[in-house]
Amino acid sequence: MEQAQARLELFYTQVVTFLTLYSGRVLLAALTLVVGLWVIGWITKLLSSTMTKRHVDRDVQPFLLSLVNGLLRVLLLLSIASTLGVQTTSFVAIIGAAGLAVGLALQGSLANFAGGVLILIFKPFRVSDLISAQGFTGHVEAIRIFDTTLLTLDNKTIILPNGTLSTSPIMNISTKGVIRVDQVYNVGSQNDLDATKSAILKVVSTCPYALNNRQHDVLIAKLNANSRDYDVRVWTKSDTYWETYYYMLENIARQFAKDGIEAPKPKMFITNEA
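Heads up: the sequence shown begins at 13 in our numbering, then just goes up one per residue.
Hints listed in this document are in silico derivations from the structure and should not be mistaken for laboratory results.
For glycine and all other residues, C-beta sits at the position ideal for the given N, C-alpha and C.
Watch out, some of these pointers could steer you wrong.
Each computed DSBU-like pair below joins lysine-lysine, with the alpha-carbon atoms no more than 30 Å apart [claimed, not checked]:
no., residue 1, residue 2
1, 135, 57
2, 249, 214
3, 65, 135
4, 209, 277
5, 277, 249
6, 234, 270
7, 209, 168
8, 249, 168
9, 270, 135
10, 188, 135
FRET-style restraints, in silico, Cβ to Cβ [to be verified]:
no., residue 1, residue 2, range
11, 187, 126, 45 to 55 Å
12, 170, 79, 23 to 33 Å
13, 269, 245, 17 to 27 Å
14, 54, 179, 33 to 43 Å
15, 250, 276, 27 to 37 Å
16, 249, 147, 23 to 33 Å
17, 148, 249, 15 to 25 Å
Whole structure, please, built from the sequences with the hints as guidance.
Written as structure tokens, this is what we have:
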């Protein structure tokens, strides 16, 4: 009986000691948990509202919100553990090592993910834009979180990883809506200057894709030994770039033939040596 009473007194003493030592920490940890979860929810809602106001792509919003929410929860758990007196140094080291291992294993995928996020946020191009990147030219068919799909002008599908796409030069042909078609025509110097320029201007004026509110140029770019180079610059809509390009080639060839504008003729100089 005395032994049982002694054990009960010992247990009571241990409980009192525990409550004395840790009750404050437990209450503080509980309060930290409640307040921390509320703050995380508030930050998440604020971030979501900000991204919506700035028109961040809806496909990338869930990824960013989940990432931020997860990081904040990990920090909250570490803070609670520290409040309870648990040594968090080892936990931080384990999390860091795990993060490093995962990062090395998924290095390419993470780079593509980060590139996709940057593309969706800053929008250097949009779906249906005509762009030239990584040696390919085509219309943007889809922008996903890891890759971007192009539909080339000859109806081929090209899938470009977002990692390299976000860090390499991109020429967006559709951004301004208007583009200039530059061509060079080599004509024999035996042709009359005004006649040659008039023939080119006839084609420019009849081109259905040339913009009427823009100044088109026909300029002599270079004088060669037996020929002249003409720079022809025609403004058109971005969507009709190739139509304009091939229209000019074909119809200038026809107009030259009609007006008798000839190609360069080779010249040979023969000298008599004594």
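Hints versus structure:
A distance of roughly 23 Å separates the Cα atoms of residue 135 and residue 57; the hinted pair therefore holds under the 30 Å criterion. Restraint check for residue 249 and residue 214: the C-alpha separation of about 20 Å stays at or below 30 Å, so the hint holds. Restraint check for residue 65 and residue 135: satisfied, since their Cα atoms lie roughly 15 Å apart, inside the 30 Å limit. A distance of roughly 19 Å separates the Cα atoms of residue 209 and residue 277; the hinted pair therefore holds under the 30 Å criterion.
For the hint pairing residue 277 with residue 249, the CA-to-CA distance comes to about 37 Å; that exceeds 30 Å, so the pair is violated. In summary, the hint linking residue 234 to residue 270 is supported, as the alpha carbons are separated by about 24 Å, within the 30 Å threshold. Under the criterion of a C-alpha separation no larger than 30 Å, the hint pairing residue 209 with residue 168 is inconsistent with the structure, at around 39 Å. Among the hinted pairs, residue 249 with residue 168 is consistent with the structure: their alpha-carbon atoms are about 23 Å apart, no more than 30 Å.
A threshold of 30 Å between alpha carbons decides the hint, and for residue 270 with residue 135 the separation of about 48 Å lies outside it, so the pair is violated. Restraint check for residue 188 and residue 135: satisfied, since their Cα atoms lie roughly 14 Å apart, inside the 30 Å limit. About 23 Å separates the C-beta atoms of residue 187 and residue 126, a value inconsistent with the hinted range of 45 to 55 Å. Remark: the range hint 23 to 33 Å for residue 170 to residue 79 is upheld by a beta-carbon distance near 29 Å.
About 23 Å separates the C-beta atoms of residue 269 and residue 245, a value consistent with the hinted range of 17 to 27 Å. Range check, residue 54 to residue 179: Cβ separation about 35 Å, and the 33 to 43 Å hint holds. Separation of residue 250 from residue 276 is about 34 Å and conforms to the stated range, judged on CB atoms against 27 to 37 Å. Taking 23 to 33 Å as the suggested C-beta distance range, the pair residue 249 and residue 147 conforms, at roughly 25 Å.
A beta carbon spacing of about 22 Å between residue 148 and residue 249 agrees with the range 15 to 25 Å that was offered as a hint.
Hint compliance for this structure: hints 5, 7, 9 and 11 are broken, all remaining hints hold.
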